[in-house]
Structure formats: structure tokens, C-alpha cells
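Residue numbers (this note's numbering), protein chains in the order written: chain R, 1 to 153; chain S, 154 to 810; chain V, 811 to 1076; chain Y, 1077 to 1363.
If you're looking for bench data, these hints aren't it; they were derived computationally from the structure.
Just so you know, not all the hints are guaranteed correct.
Unchecked claim - To spell it out: a stretch of chain S is covered by chain R in this simulated footprint if at least three of its residues, at any positions, have a beta carbon under 8 Å from a beta carbon of chain R; those stretches are:
no.: 1; region: 251-265
no.: 2; region: 268-275
no.: 3; region: 776-782
no.: 4; region: 785-794
no.: 5; region: 799-808
Unchecked claim - Listed below are the simulated SDA-like cross-link pairs for lysine to any residue, each with C-alpha atoms no more than 20 Å apart in a straight line:
no.: 6; chain 1: S; residue 1: K765; chain 2: V; residue 2: L876
no.: 7; chain 1: R; residue 1: K101; chain 2: V; residue 2: S1065
no.: 8; chain 1: S; residue 1: K573; chain 2: S; residue 2: L342
no.: 9; chain 1: S; residue 1: K526; chain 2: S; residue 2: R501
no.: 10; chain 1: V; residue 1: K869; chain 2: S; residue 2: L767
no.: 11; chain 1: Y; residue 1: K1219; chain 2: S; residue 2: R619
no.: 12; chain 1: V; residue 1: K869; chain 2: S; residue 2: T738
no.: 13; chain 1: R; residue 1: K101; chain 2: V; residue 2: R1043
no.: 14; chain 1: R; residue 1: K101; chain 2: V; residue 2: E942
Just so you know, even glycine gets a beta-carbon here, dropped at the ideal spot from N, CA and C.
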Amino acid sequence: MMKTETSTAPAPAAFEPRITAFVCNWCTYAGADLAGTSRLQYASNMRIIKLPCTGRIDPLFVLKAFENGADAVLVSGCHPGDCHYTSGNYHARRRWTLFRKLLALTGIGDDRLFFSWVSAAEGQKFADLVNDVTAKVRKAGPFCAVHPGRRAS
Amino acid sequence: MARIGVFICHCGENIGRTVDCAAVSAAAAKMPGVVVGMDYKYMCSDPGQQMIRKAIIEQKLTGVVVGACSPRMHERTFRAAAAEAGLNPYLLEMANLREHCSWVHSNQAEATQKAIDLVRVMVAKVRRNRPLRPIRVPVEPTALVVGGGIAGIQAALDIAAGGKKVVLVESGPSIGGHMARLSETFPTLDCSQCILTPRMVEAASHPNITLMTYSEVASVEGFVGNFTVTIRRKARYVDPAKCTGCGDCFNKCPIKKIPNEFDAGLGLRRAIYVPFPQAVPNKPVIDAAHCTMLQKGKCGLCAKVCPRGAIDYQDQDRLEKVKVGAVVLATGFQLWDHAAYGEYGGGRLRDVIDGFAFERLASASGPTAGLIKRPSDGKEPKTVVFLQCCGSRDDKVGKKYCSKICCMYTAKHAMLYRHKVHDGRAVVFYMDVRAAGKGYEEFVRRAIEADGAEYVRGRVSRITRRRDGKLVVLGADTLAGRPVTIDADLVVLADAVVPRPGSEKLAQLFGVGYDQDGFYSEAHPKLRPVETAAAGVFLAGACQAPKDIPETVSQASAAAAKVLGLFAKPELEREPVIARVNRTTCAHCRACISACPYGAAKDFDIVDRAGKVLRAVADVNEGLCQGCGTCASVCRSHSVDLDGFTDEQIHAELNAL
Amino acid sequence: MKALREAAEKLLREKRVSLVIGYEDRKGRPAFFAAKPEDCGRLAYDASCRQNLAAYLGKPEIRARLPVAVVAPPAVLRSIVVLTAESQLPPGQVLALAVDGDSFLGTFDAAGVAELLRAKYSTLAPEPALLERVQGLLQKSPAERAAFWEAEFSKCTRCYACRAACPGCYCSRCIVEKNAPQWISTAALGHGNYTWSVMRAFHQSGRCTLCGACEAACPQGLPLMLLNAVLDREALEEFGSRPGYDPEAKPLIGSWSADDDHSYMR
Amino acid sequence: MKTLGYFPGCSLEGGGIELDLSVRAIAKAAGVDLREIEDWNCCGASAAHSLNHSLAVALPYRVLALAESQGLSEVLAPCAACFSRLKGTQVRLARSPELSQRMQEVVQRPYQGGVRILNINEFMASLLEAGLAQKLTRPLGLKVVAYYGCLLSRGQDIVTGDDAEDPKGMEAAIRAAGCESLPWNCANECCGGGFSMSKTGAVLDLSQAVLDEARAAGADAVVTGCPMCHSNLDMRQMELVKRRRIPGALPILYLSELLGLAAGLEPAALGLDRHFIESRGLVRGGV
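Chain R extracted, bound-state conformation (with noise of 0.2 Å):
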């Protein structure tokens, strides 16, 4: 059983977060790409994992990611409309909207687990969004220790 703490310490001044972010490979990650290219500098928080698209991204991932000590989570794909695979997004766009909800209910909120559509021509936006979360996630502080989704360390 891990140990309790009803407090949450102050988050220190060199909190660096760790945000695991959940891709898909023809929109956003193609995006990040653009931001690579055009040599947008943003911070260095985010690890990024590729997958084909955001419809294969199951909750369990996220959990998985809150559970091995991430202090955020991002999800981001394709538009509306702009699925490479036509309505991979809008299943998941549907999923989140429930789990969100869900988690939410649990403790963890808007300052943990953050979606976004990036498209392979908004390499801008991509920058802005880490800097974005990363601020807000450092903000926020370390996740809460006391969460029963993190793994004791």
C-alpha cells in the first residue's frame, strides 16, 4: 500500500514536469516535424509517442503513462475531418470526451490531461502547445503524490 499524504508540497523552483504525449503520425507528429524544420525552439519536457493514429490511442495508454510518473498527458491528432484515416479522430474525440469526464472525477483535471488537434501545417501552434502545457503543468506542480492512479516509487 503506498503511504498517504494529505498534503501537497509546494512544487520547487527547478520542478522540471514530465509530459508524455500521445501522437498520431500524420498530423501532429508531422507538425512537430514542421516545428523541427522552421527551428521553433520550445521547452524540452514533452516525450512524444508516435502512433498511427489518435483512434488507436486506448485510455489504458494514458493511465499507464499517469502511472509510470508523467505529470501530464497530451493527446493530439488529426482536425476534424482531416483523418488520414477518415474518422479515426472522431472516435477518439468521442472516447475522450467520456474519459475526461471520468478521470476528472478521480482528481485528475484540466491541469493533467490536455487534448488538441495539430495539423502537418501547424508546426506554430505544436511549439505553442508544449510551451502552453509545459507552463501550465509547472503551474500546476509535480502530480500529486497521494493520486491511487501513480505507481509508489
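Got chain R sorted already, so can you dock chains S, V and Y onto it with the hints?
Relative to the frame of chain R, chains S, V and Y by itself:
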């Protein structure tokens, strides 16, 4: 036991400047399962690839991670190198150290740490990679072309010329499409039928082309290389095998006053008819809705006069299946109905006509034998107003887009009118004249300068009919800055180009996307303008977007080239990223079947030797599956998995973070 | 009660079913399987019956004895429709002996069940008290919510009674039993307990009829209905989904609409 | 008996009193109870909406808020200008929560947006649907033209369900009154509107064009729903007749008057005796 090799590329200084590549390769060498960690200036260069090949052979590597640029850049390169060294190419993965790391971070310590993380993730993944083989599917070397206009005819002829069989399906009684209805064509004013009819005849007589007129696609099964398409052969009530096209039937038919669609309703046809004299095949059909024999069982005159006994009132629609390997959609367009514009009479003013009606008036083979006569009283109009952008570039009532061909055909109309009515006045209202094309601008200038068409830049706000029959056209001349009123005898509206009705349903049958206006979506607007998102389905002509004849023909030939390219090999090779179902654990909840965007997931009955169904499960068709993995993530029991992105691989990646 | 017993007896006597699954007329109202007409005198029903008998319909032992009849209050009727929509019930093999409160409503086949639900129970709504509890929890801070669940999940012994009680949990191999890879730790510890309960609830969205059998079955008294209710409310509000009314419904997870909400997406 | 909120506005208490009389009469005949909004104020037409954006919304806002607080879920505004102001405000409020907020502060009354506003054409159509058609026992047999002007045809979000360029909202009612609605070219042309006083010459020109077309189409009368149109075509027509710019007088009827006549109501009860152009002779046999 895993033996992984990790190869870190400096990419000159592109990676090396911000990422300590030596440190990354050293860290990688200590990762579990890794036996080789190296870094090199240019991994994609020949010596770099040679390093990888050599290590694979000498170290008996079971997997490779290349830390370099984006896999979108060089994954193919490195996988080919691995294959040359005898390693299954799908046992190689890339960590994106350039686009996702060195180019976007400036702090060396951070970038190096991230690079190590990215490599660790890929090492964890590649340890779970399994050898995959590209999927091979046999190809049926017959093409289906849907639509018998100039696009379909051209595509069919080109494919047939390449030595492959073609089934050309046309919904009307004759091929030829809209082009057969045109009087002359811009910018050369050559006679449309003179250039088209030889091709129609060639298409009908080509040994490689099977013509199916008066037919429609009813359903589609299968996938690239292996479509089974069901064609509905509509009842003609005339046996084409017996009919000689003598014309006795339609000369005797007593039902005479049916507006002929081919003539935009200006001419009349009978209940048994060929749409126009040059029709191919030149054999009549009976319009069941108007035939008194078919409606009330009275008449039967055509059967009496037919010398060959070709009339068959009992004829019924038949379904015919064809097996094809590729499809060209060439369903074309129609003109938007300007009845939506109340200010232009809401479709009730008989002398306000569309472009096709004017084509038929100007055509030597049209209902007026080429004389310009207005529909209401048959008089020669002395003032004709042409109105461009009717329904185009108007997102309130009409369409947002530019219909592209109207500037040119309006100039042609004005020109033809002036050639035929020398004392007539042709006034063209326009928003912009878009004459981008070879010889196009010159053509418009000729209409204005040589043929005296009056071009007025502005819109028309209202068309009303006065008691004397004149059409009062109220408009604006925005260059002069004043309103203008013109008493016209005839108004020709350049209605917007819109897709054919039913085109959306057809797209759904083939799994082709379409935009908000119903035009078919190409796979990529720049680089794959002929392909669609559905593999093996190609586009030609105005079903994709408004196009003129040369552009349509070009695209049709391009589609034919794509089809011939596909047919050049007996088998197709596809990336082996496909879903697989674990039949033992599948509970057959059918969520994956509902979720699959391609209809690749389907029911499957597990039967015993006697053929008795033991259990139903889901199954994935390799040929249809495109590898999105949506099925895998809706499966509660994870009984569906995706090759290349398996549960185990993703789980390992997450554990490595 | 009498009418129910008679109807059950008639079905068995006429051999229209080989088994009637019902509640037994004794304390706690346990499940009772009447295989002979004379067993039917032991059947009973009242509001204290919390078990969702549709859960048995997924079990191989019962499937081997089809056709069967089930004593079904409204939530169970809905479960039957859900199972029909998800191709879990062979057509015509399950009859429902519909009950509500003290009254017996009759014997229905799958189509009849859907019709009865539409006619009589189209406005079934979750208990207000349950929604109030959800609302109350949502008003707390995320840390307080996490602490609440930490305390609750720490009690979980991973007996999987919640799963056994649920008609929607019909997978032959549950995800928690998949071990290559093992997504959900089976040790009765915080993170595994959390992931298990969250995923169990999520896997039921679009299936759950809020019958309450899972919570009632939990020996540790975990407030599982909170998880079910928040998903039920969201699915209804966002997608108009009401599981268990349409035997031809598309799966909630596994279908989509172009105008689904995505205001939270950036 | 169905109850409907009623917003007469200034016009219906003054120059457009025939509209008020005839609407109330036909509503009574159809069994609809018109309940005047208590303490109503100016809709803001003509003056306010061209001078002050805030006032132009605040005035109708107050009317709508009053109607809502008085439990009136539907309000009839027979005057076309009043309708346009009320409905236009409704549309703007629905589009902008900020505007709603501001108006609530300015007017010091809440308005939730729950009032449906009907113009005279919609009102007549609803009466016909509710059974008025059976009570139209005196088919008039007239040839008329339907004149919509601007306020009963334009504003895509305001006059919904009709085509601004080819309006048809009166057709069914005219046919129900046993009249033929002739096709003509001026259904939504301008009558001169609010320039009746300031630029009478222009109004005369515009009204003449409308009247000429109506006569040329073969109409016995022009049917309108707008007090402004009515006053320009009816009152100003006297001057056109006097100056011999038109060959004779053409009666101008409100749609509600036409239906009232068809329902067998007394012309005087409908206000027909108040017109400048004599129109009582239209009913067969005279009255």
C-alpha cells in the same frame, strides 16, 4: 535474446551541435538488450549505412534503432539498408533526434537527456518488434470507369490503349456527357461534337472496353486490386442485340411532348427515344414514366412497328457483378438551379435560361438548328444579357467557390451570339474575368474587341418581366459607379457548377471523401490530385472540382496512368501495419466492426469440421485494413492488436519513459 | 408474485425454456434457477432484489441451456436490450419475465422488451441522490477527490465481484487478465486498484444501465456507482446515449457524429 | 382561447389605427385573445435606431423583458417596423451574451430570450392553420398584388422562413380570402419609407412606380402589412391622383382587413372608412 544496435547520427552539425551524440550512443550501449552503440557524422550516407549493415551481420543484431532525423525523412532508407544486410526491415525503428530534439532545443544538457530518452523508448519498442512482411494482394487487371462523359471516355480509352480491360458505366442512355451538348468549345471555337463523336465511337468499338450505358453502380465490395462491383442495368425495354437503330419506333411514338433533357428542355422527345442523333449506342430506350404502354398497358405501337421485334415491355432492371482492380470516378457535374435566386425570377421567367440552354440554341444540331430564338415566343433576341457568377462566389444563397469555366463560356456565348445576330447587343455582367489558360485571355479580348461584347463590371440586382415581354435587368456598373438598367430579350445565367445528384452516395459506396459542396476529395491537393483516400480509386474531371475540357482530359489521362501503373504488377505490396483479432478471446461485442472506417472489421463464424457454427467473432480483412488501429482501442479485452504498434510495443515504450 | 410463478411454471411446462433464472423466496433474495415447473413456487420478487440476473446470460453454463427466461425488473430489461445490441444473445433464446415493484408485467421476447421499455420506462433516470453525490464530489478540489478515491480504492481486495455481478462484463478474457502486456497490475495495491476500477467503469459506458449490482456486490462497499453515474450523465448529455433501449443501437464507443463536442480540444 | 401578447406600438394608435382595428377584429373572430403588454414603450424605430446603438437595443429589450415577465411567450407586433426592431434585438441578444448582460444592467430587468415574436404575415398564417380558414365565408374574388416592402421581406435572421428576394408570406392568406395573388415586379420594392415628410418628392416617385406596376399587373387592390407602406401608398396616392400622375385611385388594404372582409366583418369595424383612397366598394355589392 535481444541484440540491439543503436546508431546515432550527428547529421553534420544539425544534431551534433545541441545533442552530445557520443554521450547518447554511450548511454544507449548500456541499455538493456543493446550490444552496439555507435555514432557517426552522416548515418544516411553510404559509409553510415555500411556501418549499420556491417554491425547487423557481424553482431547478429536482432533489432536496430537509428537516432537521426524524422522517420518521415529516412525510415525507408534505413529499413532498406537493414534489409540488404538480411534483417527484416520492420525490426528497425528511428528515434527522431533532429526535428523533435536538436532543432527545437538549445540547451545541450536538456537536449542530450531528451535524446537519450527518445532512444531508450525506441530500444524498448524495437525489442518487441516482430518481423513483418509487406502484404501482397493479387490484382484483377480490369478497370471500372464510372461516368461516360469526356473524362470517362478519355480514361477508358487510355487504359484500353495500355492493353487492359475497362468497364465503362454510364447512367444515361448514351455516352458523351455534357460535352456532346456543347455547340462550340473555347478558345478555338471548334465544334464540340466533331471532336467528341469519334472518341465516343472508338470507346464503343474498342475490344478492351465493355460499355454499360443506362447503368449505375449499385454496390461495392472488396478493396484495391480486388473490387467486386454490382452494376444495375436499368430496363431499356429495347433489346440492344436485336435493335438496328432504324428509328421506326420513335418516329411513330404518339407521346411527343416530353421536354428533352439533352436540349435543356428546349426541344421535345418521344417516350421511346435516343437522346440525340449521334448517341452511342444509337439505340433507343423507353422512358417508362411517360410510356402509356408501361403506365396503363395501352398503345404498344413501337412494338408493332419494330421490324426486329426488339421491344420488350417486360424488361426489368438486372444486377450484374464485375470484378475490377481499380476504379476511376468521372461522374461530372451539373448546373446549379438558379430558382434559388428570387431576384432573378425564381426560375419562373422563361427567357432567363442557363448556359446549357444557350449551348443548345447555338448548336447546329439543337432544337432551333442553331438559330438563336428565345423560348417564350421564338423571336430572335436583339439584346442578350449574360450574367456571370450566378450562384458562384456567393456563400449566402449559392456556393462559395468560383466555378472556373463560366468566364470562358460566357465570352464564347457572347461571341457566338454576335456571330449569329449581327445587329444584336451582348452585355456581360461580371465580377472578375478569370481567363487563366492557354489562349484564354486572348479569347476574352477577342469577344470584347473584335466581336463587340459589352462587358459591365458589376452584379445584377433584379430581373423582372415587363408586360411587353422585355426583361428589365437592373444592375450596377461599378467601374462607372452608377446603376444601369437594360431592357433585354434574353438573359443567360452562368449558373454555378455543382456535382451530380447522387455523387455523395456513390462516394460512400467507394469510401471516397467529399467536401461540403459534394465534390470528391483528392488524397492530397498538391501531390496526389488524382488519387483518393480509398486505395485504387481515382478521380477524373469535374466530379472533383469545376474543370474545363482540357483539364478534364488531362486528369483523365493521369488517372489512366495511375490505373496502368497499378496494373503493371500482378500483385500489390502494402505496408504491413494491419490489425489482427485474437479469435480465442474475442467476445464478439462488434464495437470494432462498428468503429472500422473501412469496413475491414467484420463478422466471422468459427465452424467445426461439419460446418456447424460454433461461435461468432470479429475478423479483419487484410486487404481493406489501412492500419489506423481504432478497432484495437475500442476493444475492451484487447483482443485486437495492430502490427507495428502492438500493445506490447506501446506498453514497453511507456515503461521506458 | 403468484402471476410471476405461474408464468414461469407455464414456460417450463410448455418447454419453451429449459431454465428460469429468478430470485429465491428467502432472505437476501439470492439467485435461483428453476429447471422444473415445480421449482417455480420458490420464485419471488420485491424491491430488495439487487442482483442483475442478466449477468448470468453471458456465462457458458447458462448459454449451454438456452433458451432460458429471466426475471427482469426495468434495469435488467435494459441489460437484455444492451446484450441484444452487442450480439450477445442468440435471437429468440431469452425471454424476460418483466417485473416492477410488486407487479408482474408479462413475458416478453427481445423485441417485446424494447417495446415495453419505450412505452413504459422511457423516462428512467438515475436516482437524484446518486447524482447529488457525484456533484458533491466534483465540488471538491482535485486533491480532495484523489484522496477520497485513494481511501476508497485502498480497501479493494480485487475479488472482482463487481465484474461477476455485471451483465456488461461478458468478455471471456477480461483485460485485467491479459498479461502480455499486463496493463493493469493485479496486486491489490493503489495504482492497480485505481486502474482496474476506472477501466471497469469506462468499459461499461454505453452498456451500464445503472442497475447498481456492482456496488451491491462489492464486499468492501466501494462507491462504484459514482464512476458509473458520471459516465452515464456525460454520455446522455453529450451524445444523447441511453443504453438499453434500442436493440439495434450502435455502440457508444465505436461510433461518432460530426457534431460531437470538442470544446475542450485545443 | 389562445392568448397572444400584443405590441401595438405608436403607429397602431395613430396613423395605422386601421391595422390595429382589423387585427383585433380578426383575432377575435379567430378566437385568439390579444393581451397588450403592460407598460410598453417605443420600439425605437425610425429615430432611435439610427441615432444611438445602445438605445436602439435597450428600448426593444425592455419591451421583450416586460413581455417575458408578464408570462407572454409569443408576442404579435403587427407594425412591420416594430416587428423588425423587436426581432432584430432578439437576434442580437442571442448572438452576444455580453450585450444581454449590458442590457440587463441598463434596463434593470432580466430577459432570458424566451419570447417568440410574430409579424402580421406569420400571425395570419398561424390563424389560418388554427382554423380561421373555415370562418372565411365570404370569398372576395379580387385580384390583388401582395406588397411586402422592405421590413416584411428583408433581414435574413429577422424575416425567417421567407425569401427576401421573392417573398411569399402573404400568399396563403390572400388565397384563403378567395383572392388571386397576381405575379408582379414590385413585391419588395421601396415605398419611400420614412422619407414621407422630409423628401416627399422621392416618396411620390417610388410609390408611383409601385402603383403603376400594380395597376399594370391588373390588380384591384394592393395588400400590405406595413403601416409605413400603407401611409405612403394610401395617403400620398391622393397627391398623385391630384397631379394626374396616375390614371385613378387604387385601394390599399391591410392583409388583416382583407381577411376581415372575407370573414364577413363590417368594413367600418375594420377601419376601411379611414382610408384616404376609398376602398369600401371592393366588397361585392358594396357596403
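Please flag the earlier hints that this structure goes against, numbers listed from lowest up.
When the structure is compared with the hints, none of them turns out to be violated.
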